[in-house]
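Enquirer: Protein chains in written order, with the working numbering: chain D, 1 to 997; chain B, 1 to 100.
Derived by calculation from the structure, the hints in this document are not laboratory data.
None of these values were measured; they are calculated from a predicted model.
Glycine residues also receive a C-beta, built at the ideal position from the N, C-alpha and C atoms.
Don't take each hint at face value.
[Stated by the list, open to error] If you want the ones that stay clear, here's a sample from chain B, every Cβ over 10 Å from chain D, calculated: (1) R47; (2) Y83; (3) L92.
[Said to hold, decoys possible] Coverage of chain B stretches by chain D, computed from C-beta distances (three or more under 8 Å per stretch; other residues unrestricted): (4) 1-13; (5) 65-79.
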Amino acid sequence: MSSFRVSGRGRVDHTQPIQFTFDGKKIKGFKGDTVASALLANGIHLMGRSFKYHRPRGAVTAGSEEPNALVGTRRGPGRFEPNTRATVQEIWDGLQVNSQNRYPSLSFDIGAINDKAYMLFSAGFYYKTFMWPKSFWDKVYEPFIRAAAGLGVSPTEPDPDHYASRYLHTDVLIIGAGPAGLAAAVSAARAGSRVTLVDENPEAGGSLLSEPSAMIEDMPAWDWVAKTLAELKELGVKVMTRTTAIGYYHQNMVGLCEKLTDHLASPDGETPRERMWRVRAKQVVLAQGALEKPLVFDGNDRPGVMLAGSAQTYLNRYGVRVGNKAVIVTSHDSAWYAAFDLADAGTTIAAIMDTRAEPNGDLVAEATKRGIRIMAGHTVTGTEGRLRIKSVRVNPITGSSVGAAEVIGCDCLLMSGGWTPSLHLFSHTKGTLKWDEERQTFLPDHKAEECEIAGAGRGLWGIEAVLNDGAEMGAAAVKSLGKTSKAASYAVANDRPGTGVSHKELPTDLDAGKARAFVDYQNDVTAKDLRLAVREGMRSIEHVKRYTTNGMATDQGKMSNINGLNIASDALGVPQPKVGLTTFRPPYTPTTFGAFCGYHKGSHFEVTRKTPIDSWAEENGAAYEPVSLWRRAWYFPKDGEDMHAAVSRECRATRASVGIFDASTLGKIEVVGPDAVEFMNRMYTNPWTKLAPGRARYGLLLGDDGFIRDDGVIGRLADDRFHVTTTTGGAARVLNMMEDYLQTEWPDLDVWLTSTTEQWATIALNGPNARKVLEPFVEGLDMSDEAFPHMSVAECRVGGFPARLFRISFTGEVGFEVNVPAHAGRALWEMLFEAGKKYDICPYGTETMHVLRAEKGYIIVGQDTDGTVTPHDAGLSWAIGKMKPDFVGKRGLARPDLVAEGRKQLIGLLTEDGKTKLEEGAQIVLDPNQPKPMKMVGHVTSSYHSDAAGRPIAMALLEDGFNRMGETIYIPMPDRVIKATVTGTVFFDPEGARLKL
Amino acid sequence: MLLIHCPYCNQTLPEAEFTYAGEAHIARPSDPSSVSDEEWRDFLFIRTNVKGPHYERWRHFHGCGRYFNAVRDTVSDRFLITYKTDDPRPELSKLLEKSK
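One chain only, chain D, in its complex shape (with noise of 0.2 Å):
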């Protein structure tokens, strides 16, 4: 083991080795340890390279914060994972890690050479840069910049983990297990509340893991957390871990994604990967702590320059001295304690820079008695290596100049820029920020929701301080919820409090334009780019952002946002809170598609709608298509058929005998009710008083506005009941606006609407034999052409089964719709086609029926109209009843665009060489050799080979069409402009001789 880990120190177990691979080398650490940890405890700092420079890069945190140390894992096929912080993951014999964003090695990298040219790539780069010319855009610009986005190369198998999401309810909701959080938990759980803790750590305790020394109650620290924890078991809380809060949404529902195998070397392959929970709180104590912010200065990036708190961590947590020189430079009191535990383990402290000129007493005292040179009111103005740090350039402050330089041999350098309390799910739900002129930094306002705030969260810093606001605030949720506690008060000796503050970029006595003085780390912003920014017009900080990229990288900003907004307050000269803070937005941390799916995907996606007859087309190789959430049988193919060859024989035997077709997608709603004519009559255009029992008619629903929104056959069985049908996407859709109609127009109406889509299967019969095949199932009707003529309805028994029977077609043939109840639909489907086999009866798919209807001239809604056509620019006016004082829609037909001249109509489209099938949605112009743009005048809606009419037709919308026909139109297409002939809809059967038996 090397000399950077001490022996027996931290959480880490010695005792378990653990060895996986970086980059291929073999790596060896302590169960318990991160990929980053494990890496500094041998002497690794570099883990990566940055995003637009290239530039090497270490880990500058231990937490789920960090920009830089971001890494690829690997478990096998299709188990990859990019961009993980190597802070977060932990370690497990054979895991696979690998540096990104370097080519060919991290310790060599061609695209290093973009840090010489840094001068070319500063903020606003990509606007200034990649604009002209305009041919460059999509052939050199964007291939160049997509090469070079982006940090880690994504997963291209399968992910074969399964993810799993849960509902949580909870009273107390404590988010962050640190001192502040579990005092909370303490306070809820002991008034009786159903109390859950959550903390995104493997384990619980925050930064007192951080803090062995610390005496809580005259107990070590790391003593008390295991007695709480043991207090709040007892108590019942749910306490969970590797569990990141990622989002508040409204009323106190709070996001959680819960991690569950990324830490195991063999997951049992029953657990999920990750579970989202989705936790609906009653009260939400927010205990996230602060995130130290680092200090702005020239090399701030080289590896080895850390966060003092992350050493700190990474000495007491895992028992790793992250250098053997180290250098402090601070404007907080916090590093100075980092300086003291690196010191105490063995690492020599440099020096300690403080940038105030009078540090704490105590501190100086502390650190003399260390031997530690102390360097006050100093700055720092540059650092050396190449890919480790080796020395700092220092300078004293003397007032507002910057003396002589002095350069400090180092391997490591740790730096404190203060402090930022972790607000991210705060303001997720719009709760409002206040500036706090003392600690220069914001701090929650007003609460947009039912939550606390405790701890350094809220700017409090110090252990006794932390722990007894947590005690506080958790009283306090419990008693918004009519419970009583006492908060205990809790006794710190050993604490470590103190103060700090804020700076913008540190001064210099070197040309701050040249200084590589980095802001935010992940997306390479520097100092010196918000400046650029500023100066360039950008006023908001929002602006600022997106112009600069600062804040927008995966950490959101969790390190760069005070800093930069220091940076620009002085560059605009406007206070920090006239400059305002940039939205946080969920998620906290970067989150998987995974989780967020959770079980929906694959075929749990969505939902496949079957009917009852589907499991008869499957077996016998249907073709399938999807209709809203249905799946149709689109075509029945014979051995070696292509679809346009199945297609032309289903027409041709459906017209020459008989077809049979599932028709129990249509959508069915039963109108029932002593109002049902008088509510029919104003939803739909049609007349319906005179409309007898037993018959039926084509209905056409509209919307207020003119507009066709729907058709379908209406059968009328009884005075007071109708069977509607609707198009087989707009049944839910037409229930949906015939209740509305109901329910808030039309209370006084004595109606009710049933929804009978799925208790009908409905099987269409249409040809010259379908009443042969049909009749001798039949009872209890004569189906002669007298008593049930085209367009009847009756209730008898088909099959022996109770049944609904429309004699109706959409066709042009002789058809028949029997509805039976759904669980009976296959049983009469094999019945009828086995009758009908002597008359070699063919089923038949929706692109058949498709075929059939357009050769009519009969519309599909949706297809042939799109929103913007009225009855009469469907050729549908004779379906509205004109003597009706009032219906959905009459009112808006007469809108003066609806009844203006040139509106597009519906019309047919016969190729001129009557060979070339056309595109449906393909454009119509007059005139083909009009210079581009040309006006276009229309578009194809529907278009097939026709076998009845023996070559191709199509239907058209077409600006004035009705006025067009017999004229010539033009189809321009890619390589040809294709002539056609503007004609009626009705391309087979005209006269409709047919329908007659």
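Starting from the structure of chain D, add chain B where the hints point.
Expert: Relative to the frame of chain D, chain B by itself:
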């Protein structure tokens, strides 16, 4: 996800049970043929599109199926009240006072 109180079921239930149904208190003229083109246009298309408390309709689609009215603040996404379709339009000043 919002929690919405259905005034008919008298229960507060997750948003997933409900569907939005546009602005409330826009009555269809009882005799549409007597209104002007402008009045009909306003009925069809013109909406207040407020930033703040908005009178709107919801339907308890996966529940009782009833349409009801609500006042929701479009900035905060907070419901001030939900009420039955035939209840009178509540006064905004009283609602705002109550929600304080």
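Enquirer: Take the hints in turn and mark each one as holding or not.
Expert: Results for each hint:
1. R47: Fine: 14 Å to the nearest Cβ keeps R47 (chain B) off the interface.
2. Y83: 13 Å, holds
3. L92: 20 Å, holds
4. 1-13: Check passed, 3 qualifying residues.
5. 65-79: holds (count 6)
Hint violations for this structure: none, all hints satisfied.
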